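S.K.: Given chain A, work out where chain B with the ligands should sit, using these hints.
Chains as they are written, first to last, in the working numbering: chain A, 11 to 305; chain B, 27 to 365.
Hints are computed from structural coordinates only; laboratory data are not their basis. Just so you know, not all the hints are guaranteed correct.
As the list claims (entries may be wrong) - With a cut-off of at most 20 Å between alpha-carbon atoms, the simulated EDC-like pairs for lysine to aspartate or glutamate come out as follows: (1) A:Lys110 - B:Glu78; (2) A:Lys197 - B:Asp153; (3) A:Lys107 - B:Glu81; (4) A:Lys109 - B:Glu78; (5) A:Lys197 - B:Asp183; (6) B:Lys202 - B:Glu236.
Claimed, not checked - Stretch-level coverage of chain B by chain A, calculated; a stretch enters the list once three of its residues show a Cβ under 8 Å from a Cβ in chain A: (7) 117-131; (8) 224-233.
As the structure is a computational prediction, the values presented were derived from the model and not from experiment. Cβ coordinates follow ideal geometry from the N, Cα and C atoms, glycine included.
The chain contents come next:
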Amino acid sequence: MRKFKPSNKTNKYLLALPILLIYGLFLGGGLIGVAIESSGYIPALGLTEVGMAHYMNILSAPNFWSDLTYSLYIAFFAATISTLLGVYMAYRLLLSKHKKIEILVKKIMQMGMILPYLYMVFLVLILFSRTGLISRVMYNLGFIETLEQFPQLFYTPSGAGIILIFVMKGVPFVTLFVLNIMGRIGKYYYQVAKIHGASDFYILKKIYLPLSSTAIIWSSSIVFIYYLGAFEVPYLLNSNKNVNLSSRLYSLYIDTNISTIPDAMAYNMLLVIIGIIAVVVYSQVLKRIVKGGGH
Amino acid sequence: MKLHIKNVKKNFSSFRVLNGVDIIVEKGSFHAVLGVSGSGKSTLLKIITGLESIEGGQILLDGKDVTHVPTETRGIAYVFQSPLLFPHLTVKENIRFGMEVKKYDKKTIEERVEELLKLLRIEDLGDRMPSEISGGQQQRVSIARALATEPSLILMDEPFSGLDPALRIEMGNLIKDLQRLLDLTIVFVTHDINESLRLSNYISLLDQGEILQSGLTHEVYYKPQNRKSASIMGDGNWIKGIIKANRFSSSFGDVSAIGFPTGEAEMFLRPHQVIIGESRAAFKVKISGISRLGKETQLTVAYGEEFMKIDTFSNENYQINQEISIMFTDSNCHIVPCG
Ligand SMILES: Nc1ncnc2c1ncn2[C@@H]1O[C@H](COP(=O)(O)OP(=O)(O)OP(=O)(O)O)[C@@H](O)[C@H]1O
Ligand SMILES: [Mg+2]
Chain A
11 MRKFKPSNKT NKYLLALPIL LIYGLFLGGG LIGVAIESSG YIPALGLTEV GMAHYMNILS
71 APNFWSDLTY SLYIAFFAAT ISTLLGVYMA YRLLLSKHKK IEILVKKIMQ MGMILPYLYM
131 VFLVLILFSR TGLISRVMYN LGFIETLEQF PQLFYTPSGA GIILIFVMKG VPFVTLFVLN
191 IMGRIGKYYY QVAKIHGASD FYILKKIYLP LSSTAIIWSS SIVFIYYLGA FEVPYLLNSN
251 KNVNLSSRLY SLYIDTNIST IPDAMAYNML LVIIGIIAVV VYSQVLKRIV KGGGH
Chain B
27 MKLHIKNVKK NFSSFRVLNG VDIIVEKGSF HAVLGVSGSG KSTLLKIITG LESIEGGQIL
87 LDGKDVTHVP TETRGIAYVF QSPLLFPHLT VKENIRFGME VKKYDKKTIE ERVEELLKLL
147 RIEDLGDRMP SEISGGQQQR VSIARALATE PSLILMDEPF SGLDPALRIE MGNLIKDLQR
207 LLDLTIVFVT HDINESLRLS NYISLLDQGE ILQSGLTHEV YYKPQNRKSA SIMGDGNWIK
267 GIIKANRFSS SFGDVSAIGF PTGEAEMFLR PHQVIIGESR AAFKVKISGI SRLGKETQLT
327 VAYGEEFMKI DTFSNENYQI NQEISIMFTD SNCHIVPCG
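Okay, chain A solo, but in the shape it has when bound (with noise of 0.2 Å):
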């Protein structure tokens, strides 16, 4: 029998191609159609005038810069340090030499993998908010006079509540993808290292960023677009003044006034637009700084 080669590209693609089928199809598809409907092409409402006037009605609004920046700010910090903690985590669980906490703590990361985002809202407001548990236990024991004292996490300009719940779930799943292959590394590069005097941060940086490189892009990268794109956490606790760009484009989308479907897929498209480029830079820059660690 022959044995199957991955390292065969053209194989590869072969395989694949039942699903890229699918997804070109769905994607594809939809997204040509949004394209279509962002230029002000729509028979059925009447529209049948074509041009770029609703992209400029959306880059021309006040807010949209501002609202760039402030998602790209969220999506940025969140994703960095959800990065940097599920990398750390994995690296110690790797190491760790009681199995019965590195199951527990795997269980526990897996439960926070798979609750649904809004459980987790609830779950941090209830934590952190000023009159939250953690702030009335402080208050109790006199680590505070005022509930007020307790730093003030949502509704804020700077978003912080909004990074606490992404890092609460970014945190498991990156720790899970990452360890999932430094596990497969294995101890053994480690004890080599020690042997030789290097320290924990110098193995990590010099032996296992470099050997988990793919992993830590693929699974920084996706919670970074993942954050770009998500709505229902900032939505529900943007403050007044900064609004995530998803978040504007879902009132656009629930908008009655059906005048703003045009603008409403013009935004679509540039949010697909600035996600791609958003995404490709920062994986560039991740790939750089976890690459360069080998040499």
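M.R.: Just chain B with the ligands now, kept in the frame of chain A:
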């Protein structure tokens, strides 16, 4: 560097792997630790490096207790059973690793890398990736990597077990030469009797977590303290007899046994110490078994109730039931009083 392993005890949960191991490794010696699979050899080496903790005992380096010193500061080199080269680094980068950790200056690093490549005869491979060289070459790189920072103690865990026999011997000789040339102190773990005999000048026999015997390799080989020690290092003949008036007498005649107490005793001989040939002191025995191993032939001979094993390089065509004459010299005989 002198290494003293002192009464080391190690458990894996409730299972005792090492039960009070004592070994002294002299500076500049090539010390083999011989034991069957599962006897605790790798565990012992990991304990010396600090990669495994212990339940009792001490590790002393030049008299200093390092039992609680972390691995990265012990300065011991360790060649693992498999090469474990960092797969994303070239051969040169792998060799550099320890020197970069210890912040050697660039020039020293470059010179040392070239020197080691030459020493291990892998000059042309410096810029290759580990996946682009053979297993034997990989193991040489890992040895170069271990030697780079001039460690005062080198541990080797069956480093050649993945190699074919010819390469294995070649690599062994290379290590032996390096050890003499650089005056290295090496602890070499193996389950291969021939390898331990060929390479080491000291040996410790590890059996079920205990050291049966330690000493100069040829002493331990020819003068085992008991049957177990003897059998770990290969076949042997134990001949029952009695010591009386400074002579040991058995069905194979008398040999001198000066200084031994009177009473029952046994005499030990490795099979190749028995000589086939005629002389006044020779005995007639009958061949009861033959196995030919290429250039070597193993005979089992019977003498009355007793059996004996003989190794010979003679290419004579021996037959079952053939009578031959055998003898041995006094100086070859190792006598162990019973009880
Ligand atoms: N991490 C571990 N947890 C539990 N038991 C272990 C562990 N490592 C080794 N052992 C057990 O300890 C004993 C000694 O193992 P060790 O690897 O030291 O043997 P070894 O002499 O090196 O064997 P080999 O020649 O096969 O390499 C074995 O019975 C093994 O099953
Ligand atoms: Mg072993």
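S.K.: Taking the hints in turn, state whether each one holds.
M.R.: Okay, the hints, checked on the actual structure:
1. A:Lys110 - B:Glu78: holds (19 Å)
2. A:Lys197 - B:Asp153: violated (26 Å)
3. A:Lys107 - B:Glu81: Holds - the C-alpha atoms of Glu81 (chain B) and Lys107 (chain A) are around 16 Å apart, at most 20 Å.
4. A:Lys109 - B:Glu78: holds (16 Å)
5. A:Lys197 - B:Asp183: Roughly 17 Å between the alpha carbons, so the hint for Lys197 (chain A) and Asp183 (chain B) holds.
6. B:Lys202 - B:Glu236: violated (27 Å)
7. 117-131: With 5 residues in contact (Cβ-Cβ under 8 Å with chain A), the coverage given for the segment 117-131 of chain B holds.
8. 224-233: violated (count 0)
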